[in-house]
Amino acid sequence: MGAVSSSLMEFLTAGLRPRTPLGHAIRAALLVKLVVIILMRVFLFSGDDRPVVDARMIESRLLGDAPSRLPRLPTAND
Amino acid sequence: MMDLDPTGLARLQFAATALYHFLFVPLTLGLSFLLAIMESVYVMTGRRIWRDMTQFWGKLFAINFAMGVATGITMEFQFGTNWAYYSHYVGDVFGAPLAIEGLMAFFLESTFVGLFFFGWDRMSRVGHLVVTWLVAIGSNLSALWILIANGWMQNPVGSVFNSDTMRMELTSFWDLIFNPVAQSKFVHTVSAGYVTGCMFVIAISSWYLLRGRHIALARRSFTVAAAFGLASALSVVVLGDESGYVVTQHQKMKLAALEAMWRTEPAPAGFTLFAIPDTQARENHLEVKVPWALGLIATRSLSTVLPGIDDLVDEAKQQIRSGLIAYDALERLKLSRSDEAARASLGAHAVDLGHALLLKRYVEDPRSADDALIAKAAGDTVPDVLTMFWAFRIMVGLGFFFIAFFAFAFWLASIRDFGRHWFLKLAVWVWWTPWLAAELGWIVAEYGRQPWAIAGILPTFLASSSLSVAQVLFSLTGFVLFYSTLLVVDIVLMRRYILMGPAAALGGAGHSAARPAPAAE
Numbered sequence: 001m002g003a004v005s006s007s008l009m010e011f012l013t014a015g016l017r018p019r020t021p022l023g024h025a026i027r028a029a030l031l032v033k034l035v036v037i038i039l040m041r042v043f044l045f046s047g048d049d050r051p052v053v054d055a056r057m058i059e060s061r062l063l064g065d066a067p068s069r070l071p072r073l074p075t076a077n078d
Numbered sequence: 001m002m003d004l005d006p007t008g009l010a011r012l013q014f015a016a017t018a019l020y021h022f023l024f025v026p027l028t029l030g031l032s033f034l035l036a037i038m039e040s041v042y043v044m045t046g047r048r049i050w051r052d053m054t055q056f057w058g059k060l061f062a063i064n065f066a067m068g069v070a071t072g073i074t075m076e077f078q079f080g081t082n083w084a085y086y087s088h089y090v091g092d093v094f095g096a097p098l099a100i101e102g103l104m105a106f107f108l109e110s111t112f113v114g115l116f117f118f119g120w121d122r123m124s125r126v127g128h129l130v131v132t133w134l135v136a137i138g139s140n141l142s143a144l145w146i147l148i149a150n151g152w153m154q155n156p157v158g159s160v161f162n163s164d165t166m167r168m169e170l171t172s173f174w175d176l177i178f179n180p181v182a183q184s185k186f187v188h189t190v191s192a193g194y195v196t197g198c199m200f201v202i203a204i205s206s207w208y209l210l211r212g213r214h215i216a217l218a219r220r221s222f223t224v225a226a227a228f229g230l231a232s233a234l235s236v237v238v239l240g241d242e243s244g245y246v247v248t249q250h251q252k253m254k255l256a257a258l259e260a261m262w263r264t265e266p267a268p269a270g271f272t273l274f275a276i277p278d279t280q281a282r283e284n285h286l287e288v289k290v291p292w293a294l295g296l297i298a299t300r301s302l303s304t305v306l307p308g309i310d311d312l313v314d315e316a317k318q319q320i321r322s323g324l325i326a327y328d329a330l331e332r333l334k335l336s337r338s339d340e341a342a343r344a345s346l347g348a349h350a351v352d353l354g355h356a357l358l359l360k361r362y363v364e365d366p367r368s369a370d371d372a373l374i375a376k377a378a379g380d381t382v383p384d385v386l387t388m389f390w391a392f393r394i395m396v397g398l399g400f401f402f403i404a405f406f407a408f409a410f411w412l413a414s415i416r417d418f419g420r421h422w423f424l425k426l427a428v429w430v431w432w433t434p435w436l437a438a439e440l441g442w443i444v445a446e447y448g449r450q451p452w453a454i455a456g457i458l459p460t461f462l463a464s465s466s467l468s469v470a471q472v473l474f475s476l477t478g479f480v481l482f483y484s485t486l487l488v489v490d491i492v493l494m495r496r497y498i499l500m501g502p503a504a505a506l507g508g509a510g511h512s513a514a515r516p517a518p519a520a521e
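Here the protein sequences line up with chains Y and A, keeping their order. This note's numbering puts the first residue of the first sequence at 1, with every later residue one more than the last. This note's numbering puts the first residue of the second sequence at 1, with every later residue one more than the last.
Pulled out of the complex, with its shape left as it was, chain Y reads as follows (with noise of 0.2 Å):
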């Protein structure tokens, strides 16, 4: 287990303290993916801009808001 924690611990530490220059490519690419995607998540996930959904908007939405006055249609068993 202790060549598993310290493989892991390193995998970690990795993006602090990169020792190749493949390693600061991949942290610099990661580091944009984190910042856009947490740019994603304060742009289009927060306050208004969230499209709510719920029972009532996905009734209204496939039904229509208005209650039905139309006759109702033969059935089957009619």
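It cannot be assumed that every hint is accurate.
[As the list claims (entries may be wrong)] Under 10 Å between C-beta atoms, here's a sample of chain A residues computed to sit facing chain Y:
#1 M123
#2 L129
#3 V131
#4 S465
To be clear, the hints were calculated from the coordinates, so they are not data collected in a lab. Even glycine gets a Cβ: it sits at the ideal position worked out from N, Cα and C.
On the provided structure of chain Y, position chain A as indicated by the hints.
Showing chain A alone in chain Y's frame:
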């Protein structure tokens, strides 16, 4: 074709991000197994070069993994931003496999990837080999959960519509997992990933062989990729055939569209090898057919009739009429939740409710639709035949090309002939073809699902959020710019480390890989 309204743009955005994401996924799926095979040989033989090979291809795997990771998250974000109605309507069913995939990808897969790269000099040989196999199995399991979610969109089993909550609810997790569409898609998709990984390795190895660089590594890599590639290419075609058989059972319109089969033919139907489908006249020009072939492939019988597009449209009209009864019952339940007659009527016709909803595109209350509108809505159930027809044929053609390509590569490797320059050049030139085939496969699967977000349940135009064109266009532009940048970085890094070769890429560790191979090798 796709309309550039908010729904069309949301579709375009999802398609763009999905197709981009799937540039990375197949290489991860394929390379991970090749790494496991190479390291297995290292553990069994103890020869250093196999470790160098695993580490070198592992480095390219790392670049691909790092650039690809999290590019799929944006699709999950889009379910919230662009597909809010979809998410609420089917989230109880669709969300479960998606959440499991997220947990698997971020905790299980990433943990093993970390152990793979940082455990080389800490863990025992066998211990590290187990980790490498778990990387391969973990990445494939991630794909399984995504394809279970996607399979449910194609064939929504194990769920019912609840009129009280106005959403689909899961009734059988077992049915969801063992959905035949999901299972056949999974094995077909991962096999396509293996082909991609093998082509990637063969192309780069061939490039090294052409330049006389890293011969020992290139020959061994070529051999492993040729053998695994041949098995994978055969699997792709065989499992693709199984996938087609399942489509015949569950998505008849998709099959008819990709065959441009306008009218029902006597069984067994012929397979159209070539044609120019005329979507206006609903007929094919310059048609070249192989008698019986489609009937045998799609139904595995001589007597089962495959319905043509026109008959399926007529069937859709009946389903719309049945769905209207369900719609009416739903309206009555809206007025009185205790209306048991309405509840019974809804139960009897709920399976066709989605078809009635197709009318919402043209009329506020579907019950007011006349025969002409019903015919129009039924016509909407036909996907874009021209796109389907050619995307499918190019994909299948590439599938057969891969079998021939890898069979020849395997034969060359088995006689240790790595000097056929024309083949090495061909391998370098066609490196991109598995990606094209995979992307076309997704186009066939998802374009062929239209006009449905969930087949037969929820039309796409009702699934999208209430957004403006400007809002979707803004995020679409952002995604395209960001993803294009990532793709450029990915290609630059890959190119740099491929040009460096194993010795330099491994920081001087790969001495044996860099040495010329002895004549006996």
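Results of checking the hints against the structure:
{"no.": "1", "hint": "M123", "verdict": "holds (5 Å)"}
{"no.": "2", "hint": "L129", "verdict": "violated (13 Å)"}
{"no.": "3", "hint": "V131", "verdict": "holds (9 Å)"}
{"no.": "4", "hint": "S465", "verdict": "holds (5 Å)"}
The structure fails hint 2 only (numbered hints given earlier).
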